[in-house]
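Single-letter residue listing:
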Amino acid sequence: MNVTQILFWFLSVLALFGALMVVTSKNPVHSVLWLIATFFSISGHYILLNAQFLAIVNIIVYAGAIMVLFLFVIMLMNLNKTTEPKKNRWLKLAGGVAGGCLLLVFIAALKSSEITQQTAEVKTGDIGLIKNLGRELFSTYVVPFEISSILFLSAMVGAVVIGKKE
Amino acid sequence: MNALILSAVLGVIMMFSGVMLKQKSAVRNIAITGLFLLLVVNILEMSGMSFFRINTAGMMHFDRFSLLFNCIVFFSTFVYLLLSARDIEKTGNYYAEYFTLIFFILCGVILVSSFQSLLILFLGIEIISIPLYILTGSDKKNLKSNEASLKYFLLGAFSTGLMLMGIALIYGSVGSFSTAQINMTEKPGALMIAGMILLLFSMSFKVSAAPFHFWTPDVYDGAPTVFTSFMATIVKVAAFIAFIRLFGEAFGNLQPQWQIWIALITAATLFIGNITAVFQQSVKRMLAYSSIAQAGFMLLSLYAMNADAKEGLLLYSAAYSLATIGIFAVLIKMNDYTFDGFNGLAKYQPLLAATTTIFLLSLAGIPLTAGFISKFYMLKAAVATGRHLWLVIFAVLMAAVSVYYYFRVIQAMYFKEGQPGIITTSPVFKYTLVVLAALIIILGIFPNLLLNWYYF
Numbered sequence: 000m001n002v003t004q005i006l007f008w009f010l011s012v013l014a015l016f017g018a019l020m021v022v023t024s025k026n027p028v029h030s031v032l033w034l035i036a037t038f039f040s041i042s043g044h045y046i047l048l049n050a051q052f053l054a055i056v057n058i059i060v061y062a063g064a065i066m067v068l069f070l071f072v073i074m075l076m077n078l079n080k081t082t083e084p085k086k087n088r089w090l091k092l093a094g095g096v097a098g099g100c101l102l103l104v105f106i107a108a109l110k111s112s113e114i115t116q117q118t119a120e121v122k123t124g125d126i127g128l129i130k131n132l133g134r135e136l137f138s139t140y141v142v143p144f145e146i147s148s149i150l151f152l153s154a155m156v157g158a159v160v161i162g163k164k165e
Numbered sequence: 000m001n002a003l004i005l006s007a008v009l010g011v012i013m014m015f016s017g018v019m020l021k022q023k024s025a026v027r028n029i030a031i032t033g034l035f036l037l038l039v040v041n042i043l044e045m046s047g048m049s050f051f052r053i054n055t056a057g058m059m060h061f062d063r064f065s066l067l068f069n070c071i072v073f074f075s076t077f078v079y080l081l082l083s084a085r086d087i088e089k090t091g092n093y094y095a096e097y098f099t100l101i102f103f104i105l106c107g108v109i110l111v112s113s114f115q116s117l118l119i120l121f122l123g124i125e126i127i128s129i130p131l132y133i134l135t136g137s138d139k140k141n142l143k144s145n146e147a148s149l150k151y152f153l154l155g156a157f158s159t160g161l162m163l164m165g166i167a168l169i170y171g172s173v174g175s176f177s178t179a180q181i182n183m184t185e186k187p188g189a190l191m192i193a194g195m196i197l198l199l200f201s202m203s204f205k206v207s208a209a210p211f212h213f214w215t216p217d218v219y220d221g222a223p224t225v226f227t228s229f230m231a232t233i234v235k236v237a238a239f240i241a242f243i244r245l246f247g248e249a250f251g252n253l254q255p256q257w258q259i260w261i262a263l264i265t266a267a268t269l270f271i272g273n274i275t276a277v278f279q280q281s282v283k284r285m286l287a288y289s290s291i292a293q294a295g296f297m298l299l300s301l302y303a304m305n306a307d308a309k310e311g312l313l314l315y316s317a318a319y320s321l322a323t324i325g326i327f328a329v330l331i332k333m334n335d336y337t338f339d340g341f342n343g344l345a346k347y348q349p350l351l352a353a354t355t356t357i358f359l360l361s362l363a364g365i366p367l368t369a370g371f372i373s374k375f376y377m378l379k380a381a382v383a384t385g386r387h388l389w390l391v392i393f394a395v396l397m398a399a400v401s402v403y404y405y406f407r408v409i410q411a412m413y414f415k416e417g418q419p420g421i422i423t424t425s426p427v428f429k430y431t432l433v434v435l436a437a438l439i440i441i442l443g444i445f446p447n448l449l450l451n452w453y454y455f
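Chains as they are written, first to last, in numbering that gives the first Met the number 0: chain A, 0 to 165; chain B, 0 to 455.
Treat each hint with caution, since some may be false.
Calculated cross-link-like contacts (lysine-lysine; reagent style DSS-like; alpha-carbon spacing at most 30 Å) [said to hold, decoys possible]: (1) Lys-163(A) to Lys-429(B); (2) Lys-143(B) to Lys-86(A); (3) Lys-163(A) to Lys-23(B); (4) Lys-164(A) to Lys-429(B); (5) Lys-150(B) to Lys-164(A); (6) Lys-429(B) to Lys-25(A); (7) Lys-429(B) to Lys-130(A); (8) Lys-332(B) to Lys-163(A); (9) Lys-163(A) to Lys-139(B); (10) Lys-163(A) to Lys-379(B); (11) Lys-23(B) to Lys-143(B); (12) Lys-150(B) to Lys-163(A); (13) Lys-415(B) to Lys-139(B); (14) Lys-143(B) to Lys-164(A); (15) Lys-140(B) to Lys-91(A); (16) Lys-332(B) to Lys-429(B); (17) Lys-139(B) to Lys-21(B); (18) Lys-25(A) to Lys-150(B); (19) Lys-150(B) to Lys-91(A); (20) Lys-150(B) to Lys-86(A); (21) Lys-23(B) to Lys-164(A).
No lab work stands behind these hints, which were simulated from the structure alone.
All chains should be built: construct the whole structure from the sequences, respecting the hints.
Shown next, in the form of C-alpha cells:
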C-alpha cells in the first residue's frame with residue numbers, strides 16, 4: 000500500500016462519511032458544513048487524478064461561493080433550530096422504496112459494466128491540466144462554449160427582471 | 000446557423016431597445032419585424048443560402064427536418080406576437096426584457112432541434128428552461144404566479160439534474176457525447192441503459208408526459224396567460240423535437256428496449272390528460288390538461304419512430320401550436336376564465352366565436368381541420384409498427400373523450416345566454432384570427448402544402 004492508495008481510501012471514507020452526515024444531521028447548518036467537507040474530499044480525488052483545474056474550481060465555486068449562499072439562506076430563514084416538520088410515514092416509506100430501487104439499478108449497472116476492469120490513471124496523464132483543457136475548450140468545444148454565453152445572458156436578464164424593485 | 004445567430008443578436012437588440020426607446024409600440028414593432036426576419040433567414044437557409052460557415056465539430060446538424068421545424072416555430076411565434084404582443088404589456092414593467100427572453104428561448108429551440116451531441120441538447124434545454132422560469136413568475140404581485148414559478152423552477156432543476164446524471168452515465172459507458180457514436184455501441188451495457196432511462200424520465204418531465212406531469216396544471220394555470228400560451232405551444236413542441244431526435248438518433252438501435260416503456264407512458268398520458276380535463280371548471284386549466292392530452296398523441300410519434308411519425312410530428316406541431324395560440328389569444332381578452340365566462344359569446348362577438356370554434360374543432364380532431372389530419376398521421380405511424388394495436392384503439396377512444404370538454408366551450412358560446420365581459424379587440428387581431436382559422440382548414444385539406452417542404 001503506497002501513499003496514493005492510502006490517500007485514496009482516506010478521501011473516499013471522508014467523502015462517504017461526510018455525505019451521510021449531510022443527510023442525517025438534524026441541524027441544517029451542520030449539514031452545510033458537512034457538505035463542505037465532502038466537496039473538499041472530492042477535490043482531493045481530483046488532485047489524485049491530476050485534474051488540478053477541476054479541483055480548484057470545485058473548491059472555489061462549490062465549497063466557496065455556493066455553500067456561503069446556502070448558509071446565508073438558512074440563516075435568513077432562521078432554520079438553524081431543529082424545526083423539521085413531521086413527515087408522513089407512508090411518504091417516508093415511498094421515498095425509501097424509490098431511492099432503494101434507484102440504488103439497486105446503479106449497483107447492478109456498475110457491477111456489470113467494464114469500468115471495474117479499467118484503472119484510473121493516478122499521478123500520470125496530463126488531460127486535466129489547464130493547458131490541455133483550454134486548448135480543447137477553444138478548439139473542439141468552442142461552439143458550445145460560445146453558446147453558453149446566451150444561457151448566462153438570459154439568466155442575468157432574468158435576475159434583473161425578477162429582482163429589481165418596481 | 001443563420002437563425003441561431005440572428006435570434007441571439009435580436010435578443011440583445013431587444014435588451015437595448017428597452018433602454019433607448021420610450022414608446023412601447025416601437026419595442027413591439029421591432030420584435031415583430033425581428034421575428035419576420037428570423038423566418039426569412041431560416042427559409043433562405045432551407046434553400047441553401049447559409050451566411051455563416053462555422054465548424055461545429057459535428058455537434059450540430061441543420062437538416063431539412065430541423066429547419067422546417069424551426070420555420071413552424073418562428074411562424075407560430077410570429078402569429079403569437081401579432082395576436083398577443085399588446086397583452087404582454089399588462090404583465091409587468093419590463094416589456095422589452097420579456098421579448099429578449101422570448102428570443103433567447105428561440106435560440107434554445109434551434110439548438111434542441113438540430114443537436115448531434117448531448118452537450119448541445121443540455122445547453123438547449125437549459126436555455127429554454129431558465130427564461131421560462133422568469134416568464135412564469137413575471138406577474139410579481141400575483142401570489143399564484145410566484146408559486147407557479149417557484150414550483151416550476153424546483154421541479155425543473157430536479158429533472159435537469161436527472162438529465163445530467165443520465166448524460167454522465169452514457170458518457171461513462173460510451174466515452175463520447177456524440178449521438179451517432181452512442182448509437183453505434185454494439186452491446187449496450189447496464190450503465191448505458193440506466194443513463195437512457197434517466198434521460199427518458201427527464202425528457203418526459205419536459206414534455207409533461209403522464210407520471211411526470213404534476214407540475215403542468217399548476218404552472219400553466221399560475222403563469223400569466225400570455226406566457227402560458229407560449230409555454231404550452233412553442234416550448235412544448237420544441238421539447239418533443241428534442242425527444243424524438245434523442246431517441247431516434249442516439250438510442251435508435253435500442254428501440255426494442257424502450258418501445259414498451261414509451262407505449263405505457265403514452266397510454267397513461269392520454270388517460271390522465273383527457274379524463275382530468277373533463278372535470279375542470281376553468282377554461283385555462285382545461286387547456287393545461289388538454290396540452291397533456293395532446294402530448295400523449297405526440298408521444299405516439301416517438302413510439303412509432305418511422306418516416307410517417309416524423310412527418311406527423313411536424314404536422315402535429317403546426318396544427319397544435321396554431322390552434323392553441325388562437326384559443327389562448329381569445330381567452331386573454333376574456334374577463335372570466337370559467338366556462339360560464341364564454342356564455343353567449345356568439346351573440347356579441349360572432350367572429351371571435353366562429354374562429355374559436357374552428358380552433359377547438361381542430362384540437363378535438365374533427366375532419367377538414369389540421370388537427371384531424373395530424374392525428375391521422377400519428378395513428379397511421381403507430382399502426383405501421385405492427386405491434387401494440389391496443390395503444391391505437393385506446394388513443395382513438397381518448398380522442399373521443401376529448402370532444403366532450405372542447406365542445407363544452409362551443410356549447411357555452413352558442414347555446415347559452417349570457418353577457419361575456421370582453422376587452423375590445425383591434426382590427427389586426429381579428430384579421431390575424433381569421434387568417435389563422437383559414438390556415439388551419441387549408442392545412443387540414445392539403446397537408447402536403449407543409450410536408451412537401453420536408454422533401455423538396
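Okay, the hints, checked on the actual structure:
no., hint, in the structure
1, Lys-163(A) to Lys-429(B), "violated (36 Å)"
2, Lys-143(B) to Lys-86(A), "holds (25 Å)"
3, Lys-163(A) to Lys-23(B), "holds (20 Å)"
4, Lys-164(A) to Lys-429(B), "violated (36 Å)"
5, Lys-150(B) to Lys-164(A), "holds (22 Å)"
6, Lys-429(B) to Lys-25(A), "violated (61 Å)"
7, Lys-429(B) to Lys-130(A), "violated (60 Å)"
8, Lys-332(B) to Lys-163(A), "holds (29 Å)"
9, Lys-163(A) to Lys-139(B), "holds (11 Å)"
10, Lys-163(A) to Lys-379(B), "violated (52 Å)"
11, Lys-23(B) to Lys-143(B), "holds (27 Å)"
12, Lys-150(B) to Lys-163(A), "holds (21 Å)"
13, Lys-415(B) to Lys-139(B), "violated (36 Å)"
14, Lys-143(B) to Lys-164(A), "holds (19 Å)"
15, Lys-140(B) to Lys-91(A), "violated (35 Å)"
16, Lys-332(B) to Lys-429(B), "holds (12 Å)"
17, Lys-139(B) to Lys-21(B), "holds (22 Å)"
18, Lys-25(A) to Lys-150(B), "holds (25 Å)"
19, Lys-150(B) to Lys-91(A), "holds (21 Å)"
20, Lys-150(B) to Lys-86(A), "holds (20 Å)"
21, Lys-23(B) to Lys-164(A), "holds (20 Å)"
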